[in-house]
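Colleague: From just these sequences and the hints, can you work out the full model?
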Amino acid sequence: MSLGDLFRISEFKNTIQKSKVEIVQLEETIDKLKKQNNIKLSLQQMKPEQLDQLINSKHKTLDELDKQIDFADKKRINALSEIEKQSDMLNEIKADISDLSPDLEMSSYGLYQPQYDFSDSLGYKDRLQEIRDQQKKSNQK
Numbered sequence: 011m012s013l014g015d016l017f018r019i020s021e022f023k024n025t026i027q028k029s030k031v032e033i034v035q036l037e038e039t040i041d042k043l044k045k046q047n048n049i050k051l052s053l054q055q056m057k058p059e060q061l062d063q064l065i066n067s068k069h070k071t072l073d074e075l076d077k078q079i080d081f082a083d084k085k086r087i088n089a090l091s092e093i094e095k096q097s098d099m100l101n102e103i104k105a106d107i108s109d110l111s112p113d114l115e116m117s118s119y120g121l122y123q124p125q126y127d128f129s130d131s132l133g134y135k136d137r138l139q140e141i142r143d144q145q146k147k148s149n150q151k
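My numbering applies: residue 11 is where the sequence shown begins, and numbers increase by one.
These are calculated hints, taken from the structure and not from any lab test.
All C-beta atoms in this analysis are idealised placements derived from N, C-alpha and C, irrespective of residue type, glycine included.
Some hints could be false.
Quick list of in silico lysine to aspartate or glutamate cross-link-like pairs, DMTMM-like style, CA-CA up to 25 Å [said to hold, decoys possible]:
(1) LYS147 x ASP136
(2) LYS84 x ASP98
(3) LYS95 x ASP80
Between beta-carbon pairs, the in silico distance windows are [claimed, not checked]:
(4) ILE103 x GLN78: 31 to 39 Å
(5) SER148 x LEU100: 41 to 49 Å
(6) ASP136 x ALA89: 56 to 64 Å
(7) ILE19 x LEU75: 58 to 66 Å
(8) GLU92 x GLU59: 45 to 53 Å
(9) PRO112 x ASP76: 53 to 61 Å
(10) ASP130 x ALA89: 54 to 62 Å
(11) LEU132 x ASN101: 41 to 49 Å
(12) ILE26 x ASP76: 52 to 60 Å
(13) ILE49 x GLU92: 40 to 48 Å
(14) GLN27 x GLN63: 48 to 56 Å
(15) PHE128 x ILE103: 26 to 34 Å
Modeller: Here's what the structure looks like:
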C-alpha cells in the first residue's frame with residue numbers, strides 16, 4: 011500500500027458519506043411522493059356521493075372559519091374603538107392637569123388665586139353675615 015492509496019481511501023470515504031446522505035434524501039422524497047399518490051388514488055377511488063360529502067364537510071369547515079374570522083374582526087374593531095376612546099379621555103385629563111399645574115405650583119408657595127372680589131377676609135366675613143341676615147329675614151316672612 012502506497013501513500014497515494016491512503017489519500018484515495020479518504021476520497022472514497024467522503025464519496026460513500028455523500029452517497030449515504032443522498033440516499034436518505036431520495037428515500038424521503040420517495041415517501042412524500044407515495045403519500046401524495048395515495049391521496050390522489052384514494053380520491054379517485056371514492057364514489058361521487060362520498061366526494062360530495064367530503065366537499066360539503068370542507069365547505070362547512072370553511073364557513074365556520076369565516077364566521078370565526080368575522081367575529082374576531084368585530085372584536086378587534088371594538089377594541090380599537092375602545093382604545094381610541096380611552097386615549098381621548100387620557101388626553102383630556104392630561105390637558106386638565108396641565109391647566110391646573112400652574113395653580114398647584116403657586117399654592118405650593120402659599121399663594122392662591124382669590125375666587126371673590128374682597129380685599130381681605132374681613133370684607134368676606136361682613137358680606138357673608140349680610141347674606142345670612144337676608145336669608146333669616148326671608149325665612150321669617
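Colleague: Look at each hint and say if it fits the structure.
Modeller: Hint-by-hint comparison with the structure:
1. LYS147 x ASP136: 17 Å, holds
2. LYS84 x ASP98: Holds - the C-alpha atoms of ASP98 and LYS84 are around 21 Å apart, at most 25 Å.
3. LYS95 x ASP80: 23 Å, holds
4. ILE103 x GLN78: 31 to 39 Å: Given a distance of about 37 Å, which is inside 31 to 39 Å, the answer is holds.
5. SER148 x LEU100: 41 to 49 Å: Since SER148 and LEU100 have Cβ atoms about 47 Å apart, the given range 41 to 49 Å holds.
6. ASP136 x ALA89: 56 to 64 Å: Holds, at about 59 Å.
7. ILE19 x LEU75: 58 to 66 Å: At roughly 60 Å between Cβ atoms, LEU75 and ILE19 fall inside 58 to 66 Å, so the hint holds.
8. GLU92 x GLU59: 45 to 53 Å: 49 Å, holds
9. PRO112 x ASP76: 53 to 61 Å: 56 Å, holds
10. ASP130 x ALA89: 54 to 62 Å: 57 Å, holds
11. LEU132 x ASN101: 41 to 49 Å: Between LEU132 and ASN101, where Cβ atoms are some 44 Å apart, the hint holds.
12. ILE26 x ASP76: 52 to 60 Å: Roughly 55 Å apart at Cβ, these two residues keep to the hinted range, so it holds.
13. ILE49 x GLU92: 40 to 48 Å: 46 Å, holds
14. GLN27 x GLN63: 48 to 56 Å: For GLN63 against GLN27, whose Cβ atoms are near 50 Å apart, the range 48 to 56 Å holds.
15. PHE128 x ILE103: 26 to 34 Å: Given a distance of about 33 Å, which is inside 26 to 34 Å, the answer is holds.
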